Structures are given as C-alpha cells and as structure tokens.
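Number of protein chains: 2
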Amino acid sequence: MTDRSPPTKRFLRALAGETLSPPPFWLMRQAGRYLPEYRETRATAGSFLDLCYNPALASEVTLQPLRRYGFDAAILFSDILVVPDALGQTVAFREGEGPVLTPIRSAGDLSRLDASGLHQHLAPVYATMATLSKAIPATTALIGFAGAPWTVATYMVEGSGSKDFAQTKKLMWSEPETFARLMQMLTTATGDYLIRQIDNGAEAIQIFDTWAGALPEDQFERWVIGPTRSLVERIRSERPGVPVVGFPRQAGILYERFVTETGVDGVSLDSGVPLAWAAEKLQPRCTVQGNLDPILLVAGGEALDAGIDRILKVLGKGRFIFNLGHGIVPQTPPEHVARLAERLKGWKG
Amino acid sequence: MTDRSPPTKRFLRALAGETLSPPPFWLMRQAGRYLPEYRETRATAGSFLDLCYNPALASEVTLQPLRRYGFDAAILFSDILVVPDALGQTVAFREGEGPVLTPIRSAGDLSRLDASGLHQHLAPVYATMATLSKAIPATTALIGFAGAPWTVATYMVEGSGSKDFAQTKKLMWSEPETFARLMQMLTTATGDYLIRQIDNGAEAIQIFDTWAGALPEDQFERWVIGPTRSLVERIRSERPGVPVVGFPRQAGILYERFVTETGVDGVSLDSGVPLAWAAEKLQPRCTVQGNLDPILLVAGGEALDAGIDRILKVLGKGRFIFNLGHGIVPQTPPEHVARLAERLKGWKG
Chain A
0 MTDRSPPTKR FLRALAGETL SPPPFWLMRQ AGRYLPEYRE TRATAGSFLD
50 LCYNPALASE VTLQPLRRYG FDAAILFSDI LVVPDALGQT VAFREGEGPV
100 LTPIRSAGDL SRLDASGLHQ HLAPVYATMA TLSKAIPATT ALIGFAGAPW
150 TVATYMVEGS GSKDFAQTKK LMWSEPETFA RLMQMLTTAT GDYLIRQIDN
200 GAEAIQIFDT WAGALPEDQF ERWVIGPTRS LVERIRSERP GVPVVGFPRQ
250 AGILYERFVT ETGVDGVSLD SGVPLAWAAE KLQPRCTVQG NLDPILLVAG
300 GEALDAGIDR ILKVLGKGRF IFNLGHGIVP QTPPEHVARL AERLKGWKG
Chain B
0 MTDRSPPTKR FLRALAGETL SPPPFWLMRQ AGRYLPEYRE TRATAGSFLD
50 LCYNPALASE VTLQPLRRYG FDAAILFSDI LVVPDALGQT VAFREGEGPV
100 LTPIRSAGDL SRLDASGLHQ HLAPVYATMA TLSKAIPATT ALIGFAGAPW
150 TVATYMVEGS GSKDFAQTKK LMWSEPETFA RLMQMLTTAT GDYLIRQIDN
200 GAEAIQIFDT WAGALPEDQF ERWVIGPTRS LVERIRSERP GVPVVGFPRQ
250 AGILYERFVT ETGVDGVSLD SGVPLAWAAE KLQPRCTVQG NLDPILLVAG
300 GEALDAGIDR ILKVLGKGRF IFNLGHGIVP QTPPEHVARL AERLKGWKG
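From first to last, the protein sequence lines stand for chains A and B. Taking numbering that gives the first Met the number 0, I'd label the letters of the first sequence as residues 0 to 348. Taking numbering that gives the first Met the number 0, I'd label the letters of the second sequence as residues 0 to 348.
If you are wondering where the hints come from, they were derived from the structure by calculation, not from laboratory data. Since the model is a prediction, treat every value here as computed from it, not as a measurement. A hint or two may mislead.
Note that identical chains are pooled: a pair holds if it fits in a single copy or bridges any two copies.
Distance condition first, Cα-Cα at most 30 Å in a straight line; then the derived BS3-like pairs of lysine-lysine [as the list claims (entries may be wrong)]:
(1) Lys8 x Lys344
(2) Lys162 x Lys347
(3) Lys162 x Lys8
(4) Lys162 x Lys312
Pulled out of the complex, with its shape left as it was, chain A reads as follows (with noise of 0.2 Å):
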C-alpha cells in the first residue's frame, strides 16, 4: 500500500492540518441509546456483544446518526472489549452493570490467552467496515478504532469497571514482568487489528485510553506514550497516509507529552483541558478534538450555545475537530444534538 492522495474530505483535511470553518465534526457515541431507531434495532439483536459482531445491524446503527444530523465522520460501531473477547477471555455485557470478564491477574491466567484466532474472531467487524466503506455518504469520513492496551488492560485485569485499578496497577508494581507480557500481547493484537480495518475501508483510527488519567508519570510514560507510539510508528509504517487520533482522557499536564512523543496526527481532548492552553501547547503540534461537556447536550438552551461558542472561538481558529469531551450520555435529548449540528453548521470563525 503506498501514500495516498490529499483527502477532500473534511474530518481527513482537519487531521492533514488545515484550519476549516467551520470545523468539521462527529460526536462520541454518536450511534447509541440516546437515539429511539438505535434502541429499536438493539431490541432486535441478542446481546451487546451480538449486535457487535452482526455486520448488518452494526453498520445500520452506525449510519444512523449520519441520517439526522449529517456528522463529517462515523466510527465504526464495535467495543473496545472485542480484543479481550477474541484473546479468549470471556466477556460479557450485563444490562445496567457494565462489562464483566473472567479476571487475569498471574502469569498462568495469562498463559490461557491465544492470538492466534484474533482476526477470524473479529472477521464480523472487519465485515461491518466493508459494508461502512460502500453505504457512507461521500463526503463522510469511516474511523476505525480500538482500546489503548492500558485500558482494555484495566477490564482484563479488574474483571470489570473500577473506581481505583487497584488490581491492575498491583499486578503492574508487584509483578512487573507478567504486566509487561500482557501489555505487549495487547500491544501486538491491537496493531494486528487496526491493520486489518484499515484494510476493509477504515481512514482514520481513533486510540481510546479512557483511563490515561490514572497512572503518575512514570507509568503513563511507559503503559500510555509507550504503547500509543508503537501503534501510531506501525500504522505509519505499514499503512501509511492514515492518520491516528490519541485520546488520552484526563492526562492533564501529560497531555503535551502525549502529543510530543507519540507522534499522533490528532488528539482528543477532555471536557477539563484549558482551551487556550490547549490551543497554546497542542494544537500548533497536531489537530485538536474536543471538548464539549456531554452533559451540556443534556441541558440545552443557552447554556449550551455558550459551551460551543466557548470552545469555537478558542479552538476554531487553528487545526480543529469539533467532539464531546467524552461520550453522549443516554438521557440526551436528540433535539439538542440537531441544536448543536445547525449551530455548528452555521458558524462563521
């Protein structure tokens, strides 16, 4: 695969450096339970894990939200948990509780884990891309996506959500070696399948490590920048032309090393990042993404008009991508997403 030509679509120009007013832009978890057509084709599959792995219903949803509100890029719609899941470990989805997985936390646990049916197990996904690649809109961008290893690691670890990663980060200080097998399988897994959505029609790539926030700096170094490097160095290098997004959520003062020493073309920022230290410190080195509250989208009205104008004005004026700070809560109402759209829509930077 060589260098591709200049992209003309919107989402692709942002990443590729150009300043665009207005923005273009798509929201985190776009495709989901706040949208009556989404709930109503989840109804129809079994689990949560099910309607990941059916190309038909994974693709419809995630062209819904392109249907209302004409976003400049839709992401494929899948969970991070689908590497664990196709590693062997077992996973799953309860209603109302989050995930719930068999916990590996030794050596041996690890030792049951296997690579090596990785894509054959995520041939559904690859699938609902392809079928993404012909059905999107033009001028719409297709993002591939996946968990950074530190924080598909958390799950693995914990066996579920966490409060404090008490037990990743034990197994991370008191057995070191163990972690480090784990981090690199992840590492390796998630290269392989990225690779492989880019190669059925994904192009950009979205990195998810949710829970950045939680390491002190010598562990982000090593568990958050070290990973996130070898994933943006390997897309660059086998895949080259496709840009990476980092989303190290709550990094902090971390997030300008991020930026530095990984090398991602965008990063996506968190509702608490200063826009003007953003605009400062990121975005003169990569296009920044963000940072909405998503509970702004819930509240609506003036407030909400505000928030974007806030942002707008800050970050409008250098490399942007307009986005939530973190994903679209449930109890949003669909109106004030389309509030946000025609606002965004008709801004004059």
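Once you've looked at the hints, dock chain B against the given chain A.
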C-alpha cells in the same frame, strides 16, 4: 484573635514556607479501615455518622495511626457530608454502597434546607476537635477540614456518588440561579463550620474538592476557584495565621490557576500531577503536598520504595509535605505504611 507566633510543629513550618528535610508527612484517610484497631472501634459505634458524631470514639480513631506511625499531622475524623446533614438533608451511609441522600434538585428542595441549626448539629464534631487538641502529641499538628462546596453539592444533588455528575451539572447549567443559591449556602455554612473548628483547636484547614476535575474551565473558575478563594479570604481575615490547603483533585492544568487565584497556603496533588511541573509551576507559589499513588501502598516492596524516592527527589527540594494522591484504600497492609514511614524518616535530601 490576633496573629499567632511562628509555628514550631514541622507540618505547620512547611506550610509557612520552610523547606524541611526529611519533609513532614501524613496520609489522607490515615485513620481508617486498613487498621484493625479502627475496625474494632468502628464496630462499637452504630452507623458511620454515629461514629463521626461521637467525640470519644472519633478522637480515638483520629489518634490511632499516630501511635503506630508518628505522623506529623492528624486530621479530624469526620466526613464531608456532615454539612448537608447539619443543613437538614437526609444523609445515610449504607455498608458497601456509599452515601445516600434525598436529592436536592429544585428551588423547592433547596428551600427545605435550614442553616440555623448548623452549630448545634455539629457540636459533637467541635467537641471531638477540642478533645484532640488536648490529646494530640506536642509535635503533631491538628488539621480541620471540610468538603469544598462544589464536591459537597454533587452529593447533595445526585443523592449519591456519580460517574458523570449529570444531575448536578444539569442544575448548574439549566437552573443557574438555584444552583448559585445552593453554592452560596454551602460556602457560608462551610466557612462557619471551619471557623468553629479553628476555635476548637484546628491549627490548619484542608478543603477537599474531590470532583474538581469534572468541570470545564469556566465552571471550574466559578465553582471551584471562587468558593475556595472566599473561604481562604474569610479564614485569613477572621482567624489570621491558620493556613489553608486546597485539594482540587484531578484539576490537571488548572492546578496552576487554582493556586494563583485562591491564595491557598498549600495545595494537595493527586498522583497524576507530574512532579517536575509541580516543582516549576506550583512550589514557588505555595507548599505542595502529595502525591504517592495509594495503590503503591498496597503493592509495597521495591516499587513502593522507588515511588517514594521519585517524589522526594523532585519535590523534597522545596516546601513540601509528603502525602498520598488520594486516600488510603482499605486493603492496604499496615506494614507497608510502616515501611513508608521508616523510609521517609530516614530520608536525607
């Protein structure tokens, strides 16, 4: 009350601006479930709030960790939710579930709160402080504390812990006048409460803003910096000489504005704050406190030693108090705390 004489206790000297080697140390939640003697005392009280309101038992658990580890400071044993409890909101702690409150979500709910009985309700807490003031070792400083208005408001509005603070933010953005009234009531009550703690023997104050990191910059400025600054100014004016430590947890880049604009004497850092950045941006302006990852105290061993040394090498050169980045977790082995205490006391910077 007039200015006090220069402090002799190591913790207070560090807050007054001295660089001490080894630095003074204490640990957030040092009186707690990881200690068998705490669990024994806890079992003799009724509910968790009963323990907070029992001067004999609350002072006993405050003193317990001092006997083991010789910390340079002790913090009043209490809870940040005694303030809403004293304002008349129904507050209960259910074992393993965390706090449950009858939520305040409207002007009508708010009108049922009443600050007139605050001091009467909190009299047992003041009695605990008075008891501690006499019982504490001569070299140990006695810290009073409260939750910051923003963090206390999240519990009052959500009615429990929360992941995204959706109800609180919705009130903040959709009913700004009602939310401002709640915050004003909390700021006044918190100030009254802290002044009275000082009058009963507290030699320093820490204000815990555990959820400060959940706010975008404009709301952080208004609801974290604003109320903290007014508390700092009130204490400085009404009880001069009593230092105030702020803890805007996970504020990230906004730690800098917090320190500059609130005028705190000290700032407590979560474990995600990079040390070199804190030494450059924060330590010249106030005393810094922190920020060992609490899970390193669970892991123990050489990882713990390395984690301690990493912090001491960077922050130990300036005005500094060693602490954790968040509270001790219940599964912490007490012997790991002993190892930490020994290493700190032997440190030659």
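Status of each hint after checking the structure:
In this assembly of identical chains, Lys8 and Lys344 lie within 30 Å of each other by CA distance solely inside one copy; the values are 15 Å within and 61 Å between copies. Proximity of Lys162 to Lys347 under the C-alpha cut-off of 30 Å is found in neither arrangement, the shortest distances being 42 Å within a copy and 35 Å between copies. Taking CA atoms no more than 30 Å apart as the test, Lys162 paired with Lys8 passes in neither setting, with 39 Å inside one copy and 35 Å between copies. In this assembly of identical chains, Lys162 and Lys312 lie within 30 Å of each other by CA distance solely across copies; the values are 29 Å between and 35 Å within a copy.
In this structure, the earlier hints numbered 2, 3 are contradicted, and the remaining ones agree with it.
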